[in-house]
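J.: Starting from the known structure of chain U, arrange chain R on it as the hints suggest.
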Amino acid sequence: MPRDGPAPRGAPRHIELPKRKVFALRAALFDAIRHHAPDRDDALLDRLISDAKAFAEEEMGQPSNDVPLEAFLKAAVEAGEASVRDLAARLKRPVDAKLAAVLRALRRRVENPRCLRCAAAAGGAACDGSDEDQVLVAAGGDCILEIKDAFRQAFALARGLYTERGGPALAEPAVTLSTEYLAAPASLLPGRPLSLNARTSYDDESGAAKWSEVEVRTAALHLAGDCLGSLRYLLLHELLCHAFQMAASPGPRRNPKSIVDPLSEGWMDGLAADLIRRAAPPNGIEACDARKALGLHLDRADVDRSRPFPQAEHVAIGVDASALVFRLLEEKHKPGDPAKAFEDFLDISIALNADGWGYAERSIGLTNLVRKLGVRPRDQELAEAILAFRRGSDIKSVIEHLA
Amino acid sequence: MKREAFFVHRLDFGRVDDAVREILREVRDGKLDAELRRNGLKRPAVSDLEEAVSLEGPGAGLSPEAWAEIIVVFGPVAADAMRDLWRVVVLPRLRRRFGSDAVRRDDPHQPDA
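So the protein sequences, as listed, match chains U and R. Here the first sequence is numbered in the working numbering, starting from 1 and rising by one per residue. Here the second sequence is numbered in the working numbering, starting from 1001 and rising by one per residue.
Bound-form chain U, shown alone:
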């Protein structure tokens, strides 16, 4: 049905209860698989996945919301487990340790219902599909805990970086999280049908006050382990690259011509993937997620594919510019203090993205940076301005060399 108009801005909006049920079920299932059987591919696991999908599809087709979320999850998990054990008996195969661990994790999930915790914290009843749910999901929202956790972590990291390094003019934006349901994966990243995508929009009309809305868009019915593993990177992209972008600008951050900004989309996106890599242990699920983040970042910047990402050309400029600046900082700290080079790189990256220079200026500026530093001899004035930049000093001293 056509909508009368978009929802009013300012308050978070979240997906409806039947769709949250679908998200909660698939997130629980694939989280269990990611942790306990990431390399499994067999008939029993397939049965569990296909049963969960059928359960979710059936729920989406129900006209009413009379089954509470936790009861729905419990029924889905019990039915899935019974179905797996039935198939194992018919195939005369044991439920092996990995699959048993997946089933145990799912049982634990439904034995510790989140709805009651969420409702108790809000001092009321659990969600019932009414409009009141919006308040509960905004305040608690444990049904979409995976999204909420990734948002909280990304927000804390980005906020810390920007308040420390964003300069004195930074006006910290109010950042809200919303969620939207998609019928099918809709991203244009070639070969990667993302069942979790996100976007950030601004509403800075009232003076210098800034508001960033991060909207996570999920094709929950198609949610799988890969995308759950990319959630942290997805949210860090939105928070680090966009939510605090241009927060030192005295005016609104509107982008009326929808210019693709190579600084936020390329340079900062690479930094997001790198921060995830640096925080991850060398092995295990977090290391695997960090590799996924890097893979997504590289795919976004790959201009040589037969069907590149639509913004690849702009992303690549940002990636090239950041690499040239990082190399310059590494040379400065020779004979070798990579930690100091990275600290300086963080300072200049955050300051550049927090500054209010416009979308067109950023695009031209980073193109010029690549042109000036990517040749020998490189532009000495620009190189010196970059090397002289210190946290807290005016980033305009660098930007003026990029015009």
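Don't read these hints as lab results, they were simulated from the structure. Just so you know, even glycine gets a beta-carbon here, dropped at the ideal spot from N, CA and C. Be careful, since some hints might not be right.
[Said to hold, decoys possible] If you want a taste of the chain U side facing chain R, the calculated C-beta under 10 Å gives, among others: (1) LYS19; (2) ARG159; (3) ALA198; (4) ALA219; (5) SER230; (6) GLN245; (7) LEU296; (8) VAL303; (9) PHE309; (10) PHE342; (11) PHE345.
[What the hints assert, rightly or not] Looking from chain U toward chain R, a few residues come up when the C-beta cut is under 7 Å (computed): (12) LEU45; (13) ILE49; (14) SER187; (15) LEU189; (16) ASN197; (17) ARG199; (18) SER201; (19) LYS257; (20) SER258.
T.: Same frame as chain U, now just chain R:
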């Protein structure tokens, strides 16, 4: 301010914005008066039609999507008349220009769309 959403399929925002500006100039110059009359509308009494309507792109994010949501923002002056003009003249013309399968009012991402 009144706002309204529409969705475009794999169309560059700049192209859509340019097309809207062009249609509004035609309205301003009286070229579409007959079409307005046929639909029971008058040319809105707005000094600057192009200022009275603005478009906002879908925002930045990890990946653009095949269907992009564009928000039409109607200025405070003659907002109702501008919204009628939008629905009756501008949107149908965008559909004719870019194809009826590339411009729509309902959200293609929703299961009942």
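J.: Could you run down the list of hints and mark each one as holding or not?
T.: Quick rundown of the hints versus the structure:
no.: 1; hint: LYS19; verdict: holds (9 Å)
no.: 2; hint: ARG159; verdict: violated (18 Å)
no.: 3; hint: ALA198; verdict: holds (5 Å)
no.: 4; hint: ALA219; verdict: holds (8 Å)
no.: 5; hint: SER230; verdict: holds (9 Å)
no.: 6; hint: GLN245; verdict: holds (8 Å)
no.: 7; hint: LEU296; verdict: holds (8 Å)
no.: 8; hint: VAL303; verdict: violated (16 Å)
no.: 9; hint: PHE309; verdict: holds (7 Å)
no.: 10; hint: PHE342; verdict: violated (23 Å)
no.: 11; hint: PHE345; verdict: violated (22 Å)
no.: 12; hint: LEU45; verdict: violated (27 Å)
no.: 13; hint: ILE49; verdict: violated (21 Å)
no.: 14; hint: SER187; verdict: holds (4 Å)
no.: 15; hint: LEU189; verdict: holds (5 Å)
no.: 16; hint: ASN197; verdict: holds (6 Å)
no.: 17; hint: ARG199; verdict: holds (3 Å)
no.: 18; hint: SER201; verdict: holds (3 Å)
no.: 19; hint: LYS257; verdict: holds (6 Å)
no.: 20; hint: SER258; verdict: holds (4 Å)
When held up to the earlier numbered hints, the structure conflicts with 2, 8, 10, 11, 12, 13 and fits the remainder.
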